Amino acid sequence: MFEYFTQAIWSPYVAGAGIGVLSCLAFLLSDRPIGCSTAFVKARGLIGKAINPERIAKKEYYREIIPQIDWAFMIIPGIIIGAFISAFTSGQFHVFWVPRLWGEAFGYNPIVRIIAALAGGILLGIGARWAGGCTSGHGINGSIQLSLASIITACCFFIGGIATALLIFRVIAA
Amino acid sequence: MMLVRLHKNKNAQIILGLLFGIVFGFLLQKGGVTDYNVITGQLLLTDFTVLKLMLSAVIVGMIGFHLLKHLGYVQSHAAEGSFGSNVIGGLIFGVGFALLGYCPGTVAGAVGTGALDALIGGMVGLVIGAGFFAELYPTLRTRILTWGPFPAVTVPEFLNLNQWIVIILMEIFMIGALVLLGYLGL
Chain A
451 MFEYFTQAIW
461 SPYVAGAGIG
471 VLSCLAFLLS
481 DRPIGCSTAF
491 VKARGLIGKA
501 INPERIAKKE
511 YYREIIPQID
521 WAFMIIPGII
531 IGAFISAFTS
541 GQFHVFWVPR
551 LWGEAFGYNP
561 IVRIIAALAG
571 GILLGIGARW
581 AGGCTSGHGI
591 NGSIQLSLAS
601 IITACCFFIG
611 GIATALLIFR
621 VIAA
Chain B
46 MMLVRLHKNK
56 NAQIILGLLF
66 GIVFGFLLQK
76 GGVTDYNVIT
86 GQLLLTDFTV
96 LKLMLSAVIV
106 GMIGFHLLKH
116 LGYVQSHAAE
126 GSFGSNVIGG
136 LIFGVGFALL
146 GYCPGTVAGA
156 VGTGALDALI
166 GGMVGLVIGA
176 GFFAELYPTL
186 RTRILTWGPF
196 PAVTVPEFLN
206 LNQWIVIILM
216 EIFMIGALVL
226 LGYLGL
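Quick note, the sequences are listed as chains A and B, same order. Take my numbering: the last position of the first sequence gets the number 624, and nothing is skipped along the way. Take my numbering: the last position of the second sequence gets the number 231, and nothing is skipped along the way.
Calculated from the structure, these hints are not laboratory results. Just so you know, these numbers come straight off a predicted model, no measurement behind them. Just to be clear, a hint being listed does not mean it is correct.
In silico EDC-like pairs for lysine to aspartate or glutamate, Cα to Cα no more than 16 Å straight-line [claimed, not checked]:
(1) B:53 to A:481
(2) B:114 to A:481
(3) B:55 to A:520
(4) B:53 to A:520
(5) A:509 to B:180
(6) A:508 to B:180
(7) A:499 to A:510
(8) A:499 to B:180
(9) B:55 to A:481
Required output: the full structure, derived from the provided sequences and hints.
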């Protein structure tokens with residue numbers, strides 16, 4: 451039994467089913483969907499509050515998504531810890547700058563990769579808040595609730611993502 | 046019937062947020078989706094791990110959620126959407142998703158596996174992007190985010206069908222999609 455938890459990888463069906471059960475538990479115990487993008491608004495607000503509290507207090511968005519340490523904030527440190535435990539105990543943890551598929555297409559210069567990742571992260575942050583959720587909040591938890599908006603949003607994530615990935619790797623890199 | 050006292054206990058919820066994150070991060074890593082190559086492979090349509098994991102989660106979660114809702118233990122959080130918010134935001138997200146190769150949850154998971162591009166690029170970018178959105182919000186809220194509201198909140202309302210019929214049809218469709226992926230060897 452213990453060996454199962456230190457395996458390098460599980461079937462995506464098993465891991466996915468586990469996430470489905472976990473999502474139900476979050477609705478039951480915390481009355482909320484498991485979403486990840488709100489945490490980044492809170493982190494930005496908390497950093498802003500440390501520098502200039504009055505400026506943050508005036509912003510409309512931070513009155514709706516209050517910068518504080520709460521469930522929605524803690525999910526992110528939790529994910530880092532959980533993924534670390536899984537990777538470390540299965541011998542999968544290793545520090546690297548450039549992932550393989552990126553390196554094969556654009557080279558292993560860390561600066562180039564970080565600039566692309568930073569640009570991607572900024573667009574991801576804007577898009578997630580614009581749409582009101584992420585792959586988990588809309589894609590999994592919204593779909594679970596049969597939310598029309600969430601299912602449409604999840605389709606748009608993948609339409610935009612597939613089109614951009616094909617452009618980056620099949621057109622620009624080629 | 047709902048666990049209202051637990052929901053209102055702020056300290057308990059902080060701990061629960063951390064615990065849910067730990068289990069979620071563990072399952073994301075075990076499922077393979079904290080790996081840049083797996084996510085990018087999905088967007089290039091060469092690796093279907095992400096779709097398999099997400100469909101499995103929704104197949105299990107949809108039944109579980111609606112049974113719990115029927116018994117009065119949980120409530121729906123589905124909200125009204127719009128073309129201006131969900132479609133435009135979703136497409137912007139998609140561009141960032143492909144450039145970064147992680148989404149807001151898996152980027153944190155990737156950090157836990159040692160990915161420095163996820164930490165220095167992805168997480169920092171997400172914080173900056175969320176800040177940009179906060180700046181844009183007062184303008185967007187009145188002009189774009191409410192533009193083109195969707196005609197219904199949920200799929201059963203949209204189709205004007207009993208929710209259990211919709212659930213059964215969607216479950217058959219999703220399981221069928223997984224069977225098809227397996228049959229095609231993807």
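Hints, one by one, checked against the model:
| no. | hint | verdict |
| --- | --- | --- |
| 1 | B:53 to A:481 | 10 Å, holds |
| 2 | B:114 to A:481 | 11 Å, holds |
| 3 | B:55 to A:520 | 7 Å, holds |
| 4 | B:53 to A:520 | 12 Å, holds |
| 5 | A:509 to B:180 | 8 Å, holds |
| 6 | A:508 to B:180 | 11 Å, holds |
| 7 | A:499 to A:510 | 14 Å, holds |
| 8 | A:499 to B:180 | 15 Å, holds |
| 9 | B:55 to A:481 | 13 Å, holds |
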